[in-house]
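Using the sequences and the accompanying hints, generate a full structural model.
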Amino acid sequence: MTEEKNVEPKKKLEGLGKKLVKDIEEKKNPSMEIQVRSLSNVSFDQKSKMLSLGSATSNRYFFNVSHIRKFVQTIEVAGTAKELMESNKHISLRQAFYKMKRTIPNTNIDIVEEQSESDSALEDLELITGCSREQMHINAKKAGSIAGNVIIEDSGDVIDWSKMGSGGWSVPSNVEEIKFKKVDAKFIIYMEKDTMWTRINEDKYWKKANCIIVASQGQSTRGIRRLLQRLHLEYGLPIYVLVDADPWGAYIYSVLKFGSISLAHTSETMAIPGARFLGLSAEDIEKYDLKRHIIKFKDVDKARIKQIRNYDWFKNNKDWQRQFDLWEKFGGKVELDALVAKGVSFISEKYLPEKLKNKEWLE
Amino acid sequence: MFSWRNAFICFSRIKGSLIFLAAIGEVLNFEKMIIMAKERAETIKTAEELAGEQREISVAEFFEKNRHLLGFDNPAKALLTVVREAVDNSLDAAEEARILPEIEVKIKQLSEDRFHVAVQDNGPGIMKEQIGRIFGKLLYGSKFGKGKQSLTADAPILIEENGKMQVAPIGRFIDSFVQEGEGIKDVSKLNIAVPAFDWKNYKYSFKKVSHLIKHKRENEVIEFTTETNRKIKVTGCHSLFMFNKETCKVEEVEARNLKEGDLIVSPGKLPSGNLKEINILNYINIDDIKNNWLYVYGIDKKFLINLFGRAGVIHKKTDKSRKYYRFNTPDGIIDVLDDSLKQYVQKGFLPLHLFIKLGLKEFATNETCIQSYYHGSETQIPVLWEISPSLMRFLGLFVAEGHSDNRQIGFTFGLHEDYLVDEIAKTARNLGSNITIERRESSIRVKVFGGILSILLGNLCGRGAHNKKVPEFAFRTSEELGQYFLDGLYQGDGHNVPKRNQLMLNTVSERLANEVMYLWLMQGVVASVQKRISQGLGKNPTECFAVNVYGNSINKSHLFKSNKPLKSATIVSNKYLLKSKSETASALDVFLNSDLCLLKIRSVKVINEGNEFVYDISVPECENFVGGFGGISCHNSRGQQGIGISAAVLYAQLTSGKPVIIYSRTSEKKPVHVFHLRIDTVKNEPQIVKEETVDDKIKEHGVRIEMELEGKYIQRQQSVEEYLKQTAIVNPFATISYSGPENIKMKFTRITEKLPVQPVGIKPHPHGVEIGVLDRMLKLTSSRNLSSFLVNEFCRVGSGTAKEICKNANLDTDLKPKEMEHEQIEKLWKAIQATPLMKPPLDCLSPITAPLLESSLKKEFKLEFVASVTRPATVYRGNPFQIECCIGYGGELKPDAPGKIMRFANRVPLMYQASACAMTKALSKVDWRHYKIDQQGGMPQGPIVVLVHICSAWVPYTSEGKEAIASYPDIIKEVKLAVQECARKLGYYLSGRRRLLEQKERQNLFEKYIPEAAVTLSYLSGASKEKIITGLQAMLKKVDIIATDSFADNGGKPEESKKDKKKKDEEIEEEEKEE
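Protein chains in written order, with my numbering: chain A, 1 to 363; chain B, 1 to 1075.
Honestly, the hints are just simulated from the structure, not real lab data. Since the structure is predicted, the reported quantities are computational estimates derived from the model, not experimental observations. For every residue, glycine included, the Cβ atom is placed at its ideal position computed from N, Cα and C. Certain hints may be false.
Selected chain B positions facing chain A (Cβ under 10 Å, derived; list incomplete) [unchecked claim]:
hint: 1; residue: 1002
hint: 2; residue: 1011
hint: 3; residue: 1016
hint: 4; residue: 1023
hint: 5; residue: 1034
Computed footprint of chain B on chain A; a stretch qualifies when at least three of its residues, placed anywhere within it, have a C-beta under 8 Å from a C-beta of chain B [said to hold, decoys possible]:
hint: 6; stretch: 20 to 31
hint: 7; stretch: 65 to 73
hint: 8; stretch: 76 to 83
Each pair of labels, with its calculated beta carbon distance range [as the list claims (entries may be wrong)]:
hint: 9; chain 1: B; residue 1: 896; chain 2: A; residue 2: 114; range: 40 to 46 Å
hint: 10; chain 1: B; residue 1: 995; chain 2: A; residue 2: 363; range: 23 to 29 Å
hint: 11; chain 1: A; residue 1: 103; chain 2: B; residue 2: 1030; range: 20 to 26 Å
hint: 12; chain 1: A; residue 1: 104; chain 2: B; residue 2: 997; range: 20 to 26 Å
hint: 13; chain 1: A; residue 1: 103; chain 2: B; residue 2: 997; range: 21 to 27 Å
hint: 14; chain 1: B; residue 1: 997; chain 2: A; residue 2: 57; range: 31 to 37 Å
hint: 15; chain 1: A; residue 1: 176; chain 2: B; residue 2: 997; range: 48 to 54 Å
hint: 16; chain 1: A; residue 1: 98; chain 2: B; residue 2: 997; range: 33 to 39 Å
hint: 17; chain 1: B; residue 1: 1030; chain 2: A; residue 2: 176; range: 57 to 63 Å
hint: 18; chain 1: B; residue 1: 932; chain 2: A; residue 2: 98; range: 43 to 49 Å
hint: 19; chain 1: B; residue 1: 1030; chain 2: A; residue 2: 45; range: 43 to 49 Å
hint: 20; chain 1: A; residue 1: 57; chain 2: B; residue 2: 995; range: 55 to 61 Å
Laid out in structure tokens, this is it:
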């Protein structure tokens, strides 16, 4: 039995199938049109302050040696999605990978060999159908930790984020169904490092400052980004971002604020143009005497800086260019964890209050 | 004109070497011969007996010693050589008769080393008379034998070269071809002819010369003087013809066996021609007229309009833009101004130089004349001259009494010769010129003005007393017209010596003396030439030549008109015949009506000094020529050409002891003649031991030769099959069938009905001329200055190029060729080599052509791929040659064997000595891997066949065996380029083939995905799985979908663009370096 909300995505999937069969009937090389997902087809919309996908498309053909593998993976994931929708069940990306992974009889060809292939196929399918993977019943694993004065309802269960112990609540992939029952917190602090979140959580900083603290390990998941966007949009909570003072940290911030390049099509549902960069800024390094904790840049780091500072959304931003200049001057990065060297609770007792009080952030 | 034919030249050509020895037998006493033959047939000896006798047999001994050269060095090769000689002969015979050859080869194995070989063709058949000569006689040229015969250098001979006649000492003539030391030059491709008598009726005609021979004197030289003062110097072993009074036969006799009183055969009459008209422009060089204002009038206006209508139009800007008509002539580009043209058309004329340059000589009509102006008066000389009696007398008188300078010609007569003045005046006026007559105290001077006339007569008759000559065309006119010339000549310079019944002509021109003598011979009058030193009138003594003729009653002023007394000179000589036996009267009759006469030897002188070199020429059909003062028939010993098949006959005879059987049919209406032939190894002469006629064996016409011989049967490389296969490939117009031992049957069917093109003759190319030849050409040319010499005697030299050569040589264009010194000649030669010239014209060679080669090769091996190229003709040491290459791949060729290499020269397979051959060397220089072809030891490996063909007028073989091409760098380079060009195409093909394989792999890939994709698609779309599978699989077969648009890798290389040839060659060379 198909639920009503699934009708649209399912139709889209079937439409794809019908289009391909029509190609075959017309003796045309079956093909699907996919928007190009690369920097060249991504532009920064000055008005909305978000990344958006351009109109460039490429065709993926069945009868093409370099296309066929992806072609089959794409329809395979589409088939999987259709099946999930029909049974109204959800699986994870990893599970989707396993659902697709098999060897074609009498050959040595695997439909997919690594999860990255099925993930990528799914992302392509999102572009083709215009439906998100969550809509197609494939979710990422839950991730990250969250704590704060908020009560939500998820799948019929009421969850109080202020009572999640030392681990916090982990954010599922699909946060569309979550209902906010009570939101007392006044702002959100998002941090790159789960370890730092644990530290702050132990200090119960969120209680003192009445905020929500969120962390993911590394790049934030779609679930977290969507959740943050909803809190930001639905409850007007400002979001402050804490990341390492290095290009990777900067890009985490960038994705959160402007959207990601590879998922530029999701910007509207995930990007948070109002997010603020709190730290670690290059100025912090000087101000809090963190220079001795600098770890030398590797070549990849340097290359990445060059790349990032030339992104349209950073290129004309003087503040950020100054950050990059200073990084290059330092010749190394400083991680959030370095703050601990100043004192175990230095971050919650001194750094965060000072920064917020002095409004030392970048818009 | 040179005629560079590159037909087959193996050892032999049937038609080329017809010699009529057997004909004598038929004419004189054929029956007797048959009786002899029958006697011999009963006493045929076994091989062992013959072998035992070999040591004493010169021919057999010679054969033994030269077996390896002739291709009989081992039993397997011998079998192949026999077949090869027979098949090559058959192909030649059919091709020359323009018959599509059909050849059948049968080999039966009789015992382990004994075979029966039969080769049959559909050629024109061979006349009975020719059979002996073709198959029977193992002729020994001086290259094989030892200095057999020859004339000394000073013997003058009458030669026709490129249509023009001359009399030249044999030494000077041959030296120009064979410069240093001994040598034989094959000149069968050049148009050189000498008078030779036909054995059947003893009539003289001009026959082509095949070889010029020069060797060191090894024997004594004997000088014979006959009555009528003819002289000839020959080496002691040289053959002359003697009349045997007993048998009434003409026999060859070695000179040293002749003694005083013997009768030797001498030409009594040489053939004359029937030329009736000359085009004077043929005797005028462009440089002769460059400073004169001469115009050709009487040209049809329509002709002119037509002519210019075909020309291109260009505009040149000088002071203003002018319109020109552009002509591309062999001598370069000629532009004619538009305004000039209008004039030309209006009045129907052209400047003479333009007329000649545009090659319009041939279009002259009776209306065409040359107009010139002198002192305000205009003269008109017709272009076409009828050769009238008065003209001939006029020329005779001119040679005797005349002289020419820049503007006029003059005659000086004694007062008593008044009657001649009127005659001259009349003839000159008829030719359109003005004359003045000036009477002096003791002489009368007649001056003839007429622009071109002085140039023309100078060219025709020589300038100055020492250079006087007989106009070339006088040798080509009728007997009667020749008489008028002599008449005129003797009127002027002749002396009657009635006492001695002698008519004498004195001249200081050796050339004139010799030429007059031959002119007399054409009249059937035997003259003699004597050289003496004239003391003159106190000045330095000069050489003087006297031409003497003897007759009963000579009246100098009416030489031929009264009783033709001189004719009797021949009859006088022939009176000896009357003494011979009466039963041979019919034979005598032939002789009496012949062009031969008999002369009694008056004295014999043996000379043992001087004469370092002696000379001979080979006339294939007749084996005789006229040489010496006054002409004595000489027999030349080198029948050449015929050596191939007769060697096969001899081999068969020596190894089996059995005669060879020849079947011949010349027409459907005639029976098949069967001849059992053997070679008398003592006399080196053919003998027909049995003759009969049958009705079967040959349909329509053709020749079949059957012989039994010792051999060894092998297969594969160097086998008879392989030879036939290769022969069939390069002779795609022939059908060859073969049945051999072990039940092998093969048939190669022709793939074209087109016989090879007969090549056109060309003049020699300057880059191919050796310095000695150049020297000779300079001496013999009729051109008056260096630049016209270059233009007239060579191809690809126009006046511009000639000037450039002269400039490069730092020589004056007006130098007289005949007066050039050795240093100048050397400079000239170097300049010629250094001056870039167009290659010789292609049409002097007859390649197989690339498309034919391709289909031929493809058919033979069922090839998967074939590429071929016919390179443009080029030159090695100035000899034009052309390389063709064809490369085949796949099919029936073995994939893991060494590549197959096939070499050909003038359509004949070269099957031995591969490693010594220039072609092999060129192949090993190619980097085969570059073209995706495996390589081992420098040679291609795998299912590949490489065919290389050289065609050339002179194929440079490494040896007489004709099995390998000499390694001239030019040849190697050309072969390499040809091979690379083909290999490159193959390379492209092979990479394309790899692409195909890849494509196949792709198809497999798609095929594997189809069921998987279909399940999902069916689920997604609701369409049936089967329908989707069928649809996709149908598309799989549509290669265009598979191979086009969506493929990321780029398909084949783009097609070869049309770059200019040279660049392409360079690229090919570069290509490999890049690797």
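Taking the hints in turn, this is what the structure says about them:
no., hint, result
1, 1002, "5 Å, holds"
2, 1011, "8 Å, holds"
3, 1016, "4 Å, holds"
4, 1023, "4 Å, holds"
5, 1034, "7 Å, holds"
6, 20 to 31, "holds (count 7)"
7, 65 to 73, "holds (count 6)"
8, 76 to 83, "holds (count 5)"
9, B/896 <-> A/114: 40 to 46 Å, "43 Å, holds"
10, B/995 <-> A/363: 23 to 29 Å, "58 Å, violated"
11, A/103 <-> B/1030: 20 to 26 Å, "24 Å, holds"
12, A/104 <-> B/997: 20 to 26 Å, "22 Å, holds"
13, A/103 <-> B/997: 21 to 27 Å, "25 Å, holds"
14, B/997 <-> A/57: 31 to 37 Å, "33 Å, holds"
15, A/176 <-> B/997: 48 to 54 Å, "52 Å, holds"
16, A/98 <-> B/997: 33 to 39 Å, "36 Å, holds"
17, B/1030 <-> A/176: 57 to 63 Å, "42 Å, violated"
18, B/932 <-> A/98: 43 to 49 Å, "45 Å, holds"
19, B/1030 <-> A/45: 43 to 49 Å, "47 Å, holds"
20, A/57 <-> B/995: 55 to 61 Å, "29 Å, violated"
Hint compliance for this structure: hints 10, 17 and 20 are broken, all remaining hints hold.
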